[in-house]
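K.L.:
Could you build all of it, start to finish, from the sequences and the hints given here?
Chain by chain, the residues run as shown.
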Amino acid sequence: MRVVIAEDSVLLREGLARLLADGGVEVVAQVGDGPGLVAAVDAYRPDLAVVDVRMPPSHTDEGLRAALEVRERSPGTAILVLSQYVEERYATDLLAGGAQGVGYLLKDRVADVGEFLAAVHRVGDGGAAIDPEVVAQLLGRRRRADPLATLSPRELDVLSLMAEGRSNAAIADRLVVTEGAVEKHISSIFTKLGLPAAPSDHRRVLAVLTYLRA
Amino acid sequence: MTVEQVATGGPGGGTVGRALAPLRQVRTLTATIYLLLSMFVGLTWHVILAVGLTVGVGTLIIWVGVFVLALTLLAWRGGAWLERRWVGAMLGVQIPDPYRPLPDGSLWRRARVLAGDPATWKDLAYLVVLFPLGLIWFVVTTTVWTLALGLLTAPLWYWIPADGAVALFEDGDRSILVLDTLPEAILAGVVGAALCVAAAWVVRGMAIAHGAVALALLGPSQNQLQARVEALQASRDRAVDSAEAERRRIERDLHDGAQQRLVALAMDLGMARAKLETDPAAATALVGEAHEEAKRALAELRDLARGIHPAVLADRGLDAAISALAARSPVPVGIDVATGRLPDPVESAAYFVVAEALTNAAKHAQAAEISVRIARHRDLLIVEVIDDGAGGADPARGTGLRGLADRVAAVDGHLTVTSPPGGPTVIRAELPCGS
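Chains A and B, in that order, are what the protein sequence lines are. Letter 59 of the first sequence, counting from 1, is numbered 74 in this note's numbering, and no numbers are missing. Letter 256 of the second sequence, counting from 1, is numbered 257 in this note's numbering, and no numbers are missing.
Among the clues, some could well be false.
[Unchecked claim] Keeping only pairs whose Cα atoms sit at most 20 Å apart, straight-line, the calculated DMTMM-like set for lysine to aspartate or glutamate is:
#, chain 1, residue 1, chain 2, residue 2
1, B, K276, B, D254
2, B, K296, A, D188
3, A, K199, A, D188
4, B, K296, A, D127
5, A, K207, A, D172
To be clear, the hints were calculated from the coordinates, so they are not data collected in a lab.
P.N.:
Written as structure tokens, this is what we have:
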């Protein structure tokens with residue numbers, strides 16, 4: 016997999032590059048701001064861009080805006096946005112164009128190297144990776160009388176992991192159950208929430224997130 | 002004002018230049034127009050007020066009068082409002098509106114505040130004295146200008162009539178002053194020129210006098226200004242204090258939290274390094290602990306930074322920031338934010354009002370449901386946080402609410418806490434947000 020990194024802190028940029036290289040990912044370019052990212056993606060057409068939200072010159076959501084521009088110009092490039100803070104609102108912006116090849120993670124997640132590399136590969140392969148904190152915010156928002164209350168605790172766990180963009184196998188692995196059990200939970204969740212069954216993982220993420228945001 | 006002072010330093014300079022200055026300034030012209038018109042404006046208000054008040058009082062018995070009087074009151078407040086702008090434009094005296102803010106709620110409540118506001122009655126006094134004052138200004142202005150311009154143009158008139166004589170100050174058939182020679186006419190012109198200068202000064206003097214009357218009756222009173230200065234001083238002092246307290250809190254949080262974790266992390270790594278060769282298993286465990294410690298330090302730093310100023314507030318505004326707050330609240334929160342982007346200090350104050358209120362409601366009030374409403378009402382941003390908890394919140398005791406009141410006062414806002422025992426608690430902030 017070929018990756019471009021956009022991150023203004025040199026320390027973190029070098030660290031990320033090393034971490035990705037160790038994980039067998041080819042880093043083709045490293046840039047430090049939004050316009051640099053757009054130019055690098057145009058030049059290299061990478062499989063994935065790893066982007067920091069806060070970058071010069073504005074130090075606000077520069078990276079996010081550049082990421083959205085990249086999405087428009089180069090649909091083949093997946094986007095993984097890293098941020099010091101995760102907020103549901105940014106996730107909403109990012110997912111407006113679909114959940115295919117989109118990731119949005121807290122920067123801290125880099126510390127769990129294995130998990131992080133898995134997320135990088137998942138997003139690079141067209142999947143999704145949504146930070147558990149965003150999912151928690153979304154779940155937390157809907158605690159008034161709503162269909163979520165009818166879910167069992169285990170089903171809520173499965174729903175959260177689905178919303179993070181994980182596959183059935185990954186969910187089964189995390190909850191230490193069989194894939195068959197996960198499938199049963201998922202069909203039960205979709206029935207209870209009145210969602211149509213989704214054929215692919217990324218469609219499923221989008222369906223779940225859309226439901227949680229509504 | 003400064004522009005006019007610069008103008009006096011123009012060509013001519015010195016005493017003569019200064020004496021002639023009013024003649025060259027546009028302000029003299031606008032003041033003349035104002036002084037001439039003020040009598041008619043005053044007369045109009047006399048008629049409106051006389052009709053409105055007599056009809057109102059006369060029909061008070063059949064209730065129609067209340068309506069008529071209310072309309073008259075609104076009309077004269079409107080008149081005073083217009084007059085402030087008119088005086089500002091023509092006389093250059095800027096008068097701020099001195100009115101008390103109108104409350105929300107019933108028509109009756111608002112009417113009581115309107116009628117109880119001293120500014121309302123001073124407005125009335127101004128409009129009443131405007132006519133007699135205007136009469137004086139009109140007579141003096143017309144007299145000085147006709148005299149001055151009449152004499153100034155005497156040499157011109159001298160040429161026009163067939164008999165070569167100009168009569169000034171006719172009294173019936175008898176002319177008191179007749180110019181029948183050219184030198185006399187020229188002399189009259191010179192006197193007229195001098196009178197023009199005098200007229201300009203007289204007009205400016207009257208403009209200053211009228212400006213002073215308008216400022217006294219239409220502007221905020223000394224007491225109001227004094228009270229405002231004191232309130233600002235007090236709120237500034239408290240804002241400085243609370244900023245100081247905030248800095249101490251941040252220092253303590255950093256010291257007790259992230260810093261301790263980083264120390265522990267460095268220690269774990271140091272020990273792991275020492276054991277790397279001799280006891281690889283223990284070293285691995287220590288590195289694992291250090292890893293966990295580092296992640297916890299990161300989480301703490303993130304929370305601390307968010308407490309100082311949430312990034313999402315700066316990037317996306319109140320709606321997004323309040324949504325994020327609500328999502329983190331352990332108690333379900335209903336949100337209704339109806340406003341776009343506002344000045345940073347206002348957004349910040351509104352955000353911290355909601356943040357503190359949510360924390361209180363969850364921590365002390367055992368609320369089951371909280372509702373947050375933010376809406377713009379003319380120049381005010383109204384922030385309301387209502388919970389169905391135990392009530393009994395007292396701003397005098399809790400430092401949180403007190404600090405909040407100061408934060409709100411620092412942007413010239415107003416915080417009210419209604420929290421009867423048994424609830425519900427309503428925390429309401431009114432924040433001025435410009436127009």
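K.L.:
A separate judgement is required for each hint: does it hold in the structure or not?
P.N.:
How the hints compare with the structure:
no.	hint	result
1	K276/B - D254/B	violated, 32 Å
2	K296/B - D188/A	violated, 23 Å
3	K199/A - D188/A	holds, 15 Å
4	K296/B - D127/A	holds, 9 Å
5	K207/A - D172/A	holds, 15 Å
Checked against the numbered hints above, the structure breaks hints 1 and 2 and satisfies the rest.
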